[in-house]
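Visitor: Produce the entire structure from the sequences given, and follow the hints as far as they go.
Single-letter residue listing:
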Amino acid sequence: MRFEPSNPNLPQVKRGSPITLWIDGRKIAAFSGETIAAVLFAEGLRLYRHQEGKTAVSLGGYFCGMGVCYGCLVSVDGLRRRACLTQVKDGMIVYTQPSGYGGSG
Amino acid sequence: MVEIDIAIIGAGPAGLNAAVAAADLGAGVALIDGYEYPGGQYFRQFPQEFRVSRLTDRYKQAEDLFAQIRRPEITYRQNSQVWNIDSDLNLDFIESSALGHLKPKAVILATGAYDRPAAFPGWTLPGVMTVGAAQILVKAQRVLPGRKILIAGSGPILLALGALLVWAGAEVVAVLEASQAMKRFNPLSVSGIWGQSDRLKEGWEFLRTLRKANVPYRQGWGIRRALGVDAVQGAACTRLDQHWRPIPGSEEQITCDTICIGYGFLPKTALSCLAGAAQIYRPEQGGWVPRRDNMMRTTIPGLYAAGDGAGIGGAGLSAAEGRIAGTAAAYEVSGKSQNGPDLEKLLAGLWKTWDSEKKFQKLFGELYTPGPGIDEWVDGETIICRCERVDLKAVDQAVRMGASNVDAVKGLTRAGMGACQGHICGRILAGQIARLSGRGVKEVGSLSPRPPVQPLSIGEAAGS
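Line by line, the protein sequences are chains A and B. According to our numbering, the first sequence is numbered sequentially starting from 1. According to our numbering, the second sequence is numbered sequentially starting from 1001.
For the record, the hints were derived by calculation from the structure and aren't laboratory data. Mixed in with the good hints, there may be bad ones.
As the list claims (entries may be wrong) - Chain B residues, not near chain A, derived (Cβ > 10 Å throughout):
{"#": "1", "residue": "V1020"}
{"#": "2", "residue": "L1065"}
{"#": "3", "residue": "E1073"}
{"#": "4", "residue": "T1238"}
{"#": "5", "residue": "R1291"}
{"#": "6", "residue": "I1300"}
{"#": "7", "residue": "A1348"}
{"#": "8", "residue": "G1371"}
{"#": "9", "residue": "R1414"}
{"#": "10", "residue": "R1439"}
Said to hold, decoys possible - Each computed BS3-like pair below joins lysine-lysine, with the alpha-carbon atoms no more than 30 Å apart:
{"#": "11", "chain 1": "B", "residue 1": "K1148", "chain 2": "A", "residue 2": "K14"}
{"#": "12", "chain 1": "B", "residue 1": "K1352", "chain 2": "B", "residue 2": "K1105"}
{"#": "13", "chain 1": "A", "residue 1": "K14", "chain 2": "B", "residue 2": "K1139"}
{"#": "14", "chain 1": "A", "residue 1": "K14", "chain 2": "B", "residue 2": "K1212"}
{"#": "15", "chain 1": "A", "residue 1": "K89", "chain 2": "B", "residue 2": "K1139"}
{"#": "16", "chain 1": "B", "residue 1": "K1060", "chain 2": "A", "residue 2": "K14"}
{"#": "17", "chain 1": "A", "residue 1": "K89", "chain 2": "B", "residue 2": "K1060"}
Please read these numbers as outputs of a predicted model, since none were measured by experiment. Every residue gets a Cβ at the ideal spot worked out from N, C-alpha and C, and that includes glycine.
Guide: Here's what the structure looks like:
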């Protein structure tokens, strides 16, 4: 969830201009400069690349936040990208689940 | 077009300082960094599209360094990841799906580090992330990673994250520090503390913030398992003994939706291994690191390594090592002797800083190097290699079949072959193999990197 700090230790920040992108077929409002991972957190989406039948353990998710673990791989306009490093763009098409882009994970 | 004498890989504190030092001596420098903006993790910036109301001290420090690299001697390449290097210093990089190649006269590896994870049941549930991952969301994106957050790991960074989350308005349910070393610590008696008053002050402020917010800070505690079906819903935590082993009967359950873990840091040494640089085992510096002399030279001619990427030591040490490497490398590429009094004079002041920072590095290692118990938190179903879904049972089977080192277990199980190329599972795998086979962690070795050190598509590799 996005927050606006009211504590003087955290500088206030004005996010970039509003954009819209598609996530798993839904139109989502976001801001220029945000990473896909941040937008997913803001939307409450934490489970990437889930496989049916696997108990209690997802196949993917945001883990290291800095592009090392490749756990946050999502489909971005048909290509696999790390959500933690990729900034959202207006009209971007993102799928977090393999069923959305015909992959098997 | 500036001729490239020195390629510096990584634009964090070490790389930035190396670039400036080398350029000051007239060397042509390529500063190659895999991220969108320079600064690495320590000087992580806001996206350019965000407007910040005021600059923190660290941000001002960063801005100063960024200004110093804007000069004709330095060619800065962003979004460029080096995926291969050899002992002749041929290096390959990828920049926005286009391949690049360089063969400079010298290379300085300043690749930095990443949070060290530990494996425990449920660690792959959505909602479990590293301390650094949570910091990035909050600091650079102004997004909370969750509502009820448990922090578990070791080192002062836990306090920093706890305070950060309190300032951001999240509920921090507890901070669990595995090490008990600070309980016996007397700052006045330890030489490594001299000159570190800023760090001590900062740590004290964070602790005060947590106390005011009624956040429990427990030393000698760790996470036993993450609970939940499709995401984190809670955690089971235990007391740990001085070797980080869970104390039976001490388990408590904590309700939370997010667990941030961090047990120190691991250096990114893959490129130094690929180039053939000899490695030495230093657990207090993150494990296997390239062997270096006091000019940051590795055992490969022309190859230097500086900063956390060559051994965990913090930003102060990284800056000093960067300047030493940049200075020494500039001498080498200009044909001037590295053995003469001129270079010694230039380095004298830097070596003093280096000595002081090394003392702090040693102290840090004594306080926070994980105990052997860190490898005993797993059960048979626990995933060891996240990318390839290899659990402990499979690792155990491989060891029973006679695989006695990390590369052999990798060959039998595929652990370490996935997208992250062993960055996340490598140290965990070594610990498990050591434990299962009754050998030392040093004996079982580490994953041998192979190019590419991170994934390339077929199209990218073919240069299309």
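Visitor: Take the hints in turn and mark each one as holding or not.
Guide: We went through each hint and held it up to the structure:
{"no.": "1", "hint": "V1020", "result": "24 Å, holds"}
{"no.": "2", "hint": "L1065", "result": "19 Å, holds"}
{"no.": "3", "hint": "E1073", "result": "28 Å, holds"}
{"no.": "4", "hint": "T1238", "result": "20 Å, holds"}
{"no.": "5", "hint": "R1291", "result": "24 Å, holds"}
{"no.": "6", "hint": "I1300", "result": "24 Å, holds"}
{"no.": "7", "hint": "A1348", "result": "36 Å, holds"}
{"no.": "8", "hint": "G1371", "result": "23 Å, holds"}
{"no.": "9", "hint": "R1414", "result": "15 Å, holds"}
{"no.": "10", "hint": "R1439", "result": "27 Å, holds"}
{"no.": "11", "hint": "K1148(B) / K14(A)", "result": "26 Å, holds"}
{"no.": "12", "hint": "K1352(B) / K1105(B)", "result": "28 Å, holds"}
{"no.": "13", "hint": "K14(A) / K1139(B)", "result": "13 Å, holds"}
{"no.": "14", "hint": "K14(A) / K1212(B)", "result": "29 Å, holds"}
{"no.": "15", "hint": "K89(A) / K1139(B)", "result": "21 Å, holds"}
{"no.": "16", "hint": "K1060(B) / K14(A)", "result": "19 Å, holds"}
{"no.": "17", "hint": "K89(A) / K1060(B)", "result": "29 Å, holds"}
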